[in-house]
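Just need the whole structure built from these sequences, with the hints factored in.
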Amino acid sequence: MSGTHGTQTTAGPVLGDTPPEATSATGEAGDNAAGIAAVGRVARALMPETGVIADPTQLRTYECDGLAHYRVTPALVVLPETTEQLAAVVRACSEHGVPFVARGSGTGLSGGALPRADGVLLVTSRMRTIREVRRADQRAIVEPGVINLDVTRAATPEGYYYAPDPSSQQICSIGGNLAENSGGAHCLKYGFTSNHVLGTELITPQGDVVQLGGLAPDSPGYDLLGTVVGSEGTLGIATTATVRLVRLPEEVRTLLVGFHTTDDAGAATSAIISAGVLPAAIEMMDALAIEAAEAAVHCNYPDGAGAVLVIELDGASAEVEHEYALVEQFCQQNGSFELRLATDATERALIWRGRKSAFAAVGRISPDYIVQDGVIPRTALPEVLRAIAELSSSSGVRVANVFHAGDGNLHPLVLFDGEKDGASEAAEQVSGAILDLCITHGGAITGEHGVGVDKAAYMPKMFTDDDLDTMQLVRCAFDPGNISNPGKIFPTPRLCGEVPGKRKKAHPLVEAGLADAF
Amino acid sequence: MVESTRARSDEPQSDPRKTDALSAGPVPVGTPTLRSAFDEDHPPSAELISDCVHCGFCLPTCPTYTLWGEEMDSPRGRIDLMKAGLEGAPLSDTMVQHFDACLGCMACVTACPSGVQYDKLIEATRVQVERHHTRSPGDRAMRAAIFALFPYKKRLRALRGPLRAYQASGLPKVVRGSGLLDRLAPKLAAMEGLAPVLEKREKLPERVPAAGARRAVVGMLTGCVQGEFFPGVNAATARVLAAEGCDVIIPRKQGCCGALSVHNGRQEEAQSFARATIDAFESAGVDAVVVNAAGCGSSMKEYADILADDPDYAERATAFSRKVRDVSEFLAELGSVAPRHPLEVTVAYHDACHLGHAQGIRSQPRGLLREIPGLQLREIAEAEVCCGSAGIWNVLNPEPARELGDRKARNIAGTGAELLVTANPGCLMQVSSSLERQGTRIGLAHTIEVIDASIQGLPVTTLGPQH
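If you read the protein sequences in the order shown, they are chains F and V.
Per this note's numbering, numbering through the first sequence is continuous, rising by one, with the last residue being 518.
Per this note's numbering, numbering through the second sequence is continuous, rising by one, with the last residue being 1467.
None of these hints come from the bench; they were simulated from the model.
There may be inaccurate statements among the hints.
Claimed, not checked - Computed footprint of chain F on chain V; a stretch qualifies when at least three of its residues, placed anywhere within it, have a C-beta under 8 Å from a C-beta of chain F:
(1) 1080-1089
(2) 1112-1126
As the list claims (entries may be wrong) - Covered by chain V, according to a simulated footprint, are these stretches of chain F (three or more residues, beta-carbon under 8 Å):
(3) 57-67
(4) 99-108
(5) 124-130
(6) 349-363
Note that the Cβ used here is the ideal one computed from N, Cα and C, for glycine as well.
Spelled out as structure tokens, the structure:
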């Protein structure tokens, strides 16, 4: 895990891929074999034969999630179909001290579902029932393996949809969304997953089934639901999610606007938002990203554009009409040379297809690449983009930019050819430097992909030891055995019995009587 | 329950490297006693495998992932297995089971944003499986029977008499009602249930002249299953082509195009069918070779790859493949001149995988159908997911195929259309048996039969057997 960061895809040579060395984050194979065997027995007693995977050939297909650079073969994979089965397996893990990692569709980009060699991978892909769509309450209750887009599909006939829409919405699961607090192109206006999950049934790391939140908009007491959403599987496993459904807008207008430079596109974005217009989405792609998307999906973006904005306006028709006039004006004032309005669903889909396929499409123009994820205040956008361009030209490493311009969530794609000596290291350096830029401009090391294993080493750059120790106290409150996705988020996993930090005296919060070391 | 249809392997393989394989490290290169999965003769390409970035966009369109929710039965999981094979893992029964379970529908190729050529990967893998894997005696016998029957018109024709007699006897109702065949021989039951109600054969001449001014000279593939089980489709194809100004050449000596063999890794058999098909059409002097069965057209467009290593045929195969057109593709390129009469009917159009995913032909058949006055086109939900036919997959995997067919039939029923139109004999057989089971009353027709009826001014009721 040493210093690697970003989503490095394993294009390039297949043979000789080296997985990360067994570390405290991934566990040692063969550790606690008796415990694993015991968990396997519990699982087999409860589930059909195909629900428990121990065959080494089959286990290999679970080595990684959407971040293929890190690969660890789990000791056991379990595919439960019910909460009861899952809870029983978690209880067995707790009893035998076996670490577990939850996984939905396995599309995460920070290695959040990277298995443990000494642990069990709990896959929710068979828990995929939409239990209820409550139109009048504007809520749906779904199981964790339900695919994000399927919630929208189920709600659309009722006139509703599920707003958070990560680029992988056609396959990512609601459980994974909840763990990572996933965003998406439309979170500019509608917010992240945390704004749309109102309740969850959670299996605690001890195997207890608890309900956090519910149908009501707020629960008294501590916001445990808020703590759990985005906790990357370290506080338990969600077995249902009660999500908010949003009324389908009366009108949607999707625009594709061509600019000569990213500076112009950035300035247009700022002008639109500072005028009080809140589009559902403002997405930016630069020339390299456009080239990749064209190669992959022939999205027919404007010729010769140095940047495009994909802007979506939605709401009541009168409001959209008014906003459209303003957006058109701000784009023109900031140097747009082409503005296209999608006239039907097919054209709208094609515009979005170019944007949504962009990450994977970069594979068409570069043998290898790192997908970076950082966030900055929107106003810092032009400055950071220029700094990235300088980094790129001084290092000779190409960087394609795809991002949620509206809320300053950057996704620089750092291109390299792993076959060339030193190229991978140079790319990693640039990728890391981009994160440093985000931090120095008041941003953060991840906008929406999560920390996982990938950015754990960067946490100390953003947080002090005290900050991290405080987070550990929260974690230990839920998972004193340190078995729920251990090795993720935090750079040095600590057992809950240990005194956090390097200091000799008690943690300041403990000293002040505000917290307790478990 | 996702369990119900799971194709099971026998007991997990005893793997001497089991303890090693549990480690975090790569599966070690095979020990001298174990041979690795693939030989050096065109194994699945490491370069093509490396195009996969593991994003998972293929999962929701993969029929087996949809059924079972497991990585090993998903495109990216199968690619992981191929990679394991290249790295020295043996071709175990477990591994083969997951390759065999792939329907070859190529929905993943359409879905993949990284352009992974899974079609090439799985075809190369299947050839290796056929070369190195010993199947169970029952499976071997079943496959031998299928490949001794389907690609041969005369043998299929010999089957027509007894099949028609059986269908006329009232026995099918008894057999299906008893469920006995399902229990005793599910694969045989699958074949029984899939056999279409046979139409009368129409004998086609070797040359059908263009009506009016000649606009093109085309060859026509009559196919094996299409020709024997759906002869009306071939007759309609010839009539429509002639009506649109084509001289239609139908070489007598043509046989099976080899599609079933290609899709099941039977390389030598596929190559020999491909050579014979090229021979049959090469001397006919046609501008295009028109095909009305999606699976056949897709394979014939691949002849250049299939015969790439044959010095006598490589170039000829490339030239031949360039001429191959699906009938809807050809008609759309040609542009229609024959007047269309109205057909007042609502149509659900089903994309055959080997037309939509493998050949990228989606807009052409829809465009041709929309040209017909009065015809209303409806889209089927989950259009990208295979109906479960997939060549002979539904015969070899009857239970999951039935689940996929029933799912497709529900979506078709959901359109409320009166007529289901598609362009592949396999889909027609598969979907019609599911619709029948479900009790949905809907007509079934090939795209070209609808166009033919419109040109001839025939009523809708002439189209396809009504359920």
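Hints, verified against the model:
With 7 residues bearing a CB less than 8 Å from a CB of chain F, the stretch 1080-1089 of chain V meets the requirement of three and the coverage assertion stands. Using a Cβ-Cβ cut-off of 8 Å, 4 residues of the stretch 1112-1126 of chain V lie near chain F, which meets the minimum of three, so the contact claim holds. With 11 residues carrying a beta carbon less than 8 Å from a beta carbon of chain V, the stretch 57-67 of chain F meets the three-residue requirement, and the given coverage holds. Residues of the stretch 99-108 of chain F lying with their CB closer than 8 Å to a CB of chain V number 3, which satisfies the three-residue condition for coverage.
Counting residues of the stretch 124-130 of chain F whose beta carbon lies closer than 8 Å to any beta carbon of chain V gives 3, which reaches the threshold of three, so the coverage claim holds. Evaluation of the coverage hint for the stretch 349-363 of chain F: fulfilled, as 5 residues show C-beta separations to chain V shorter than 8 Å, against a requirement of three.
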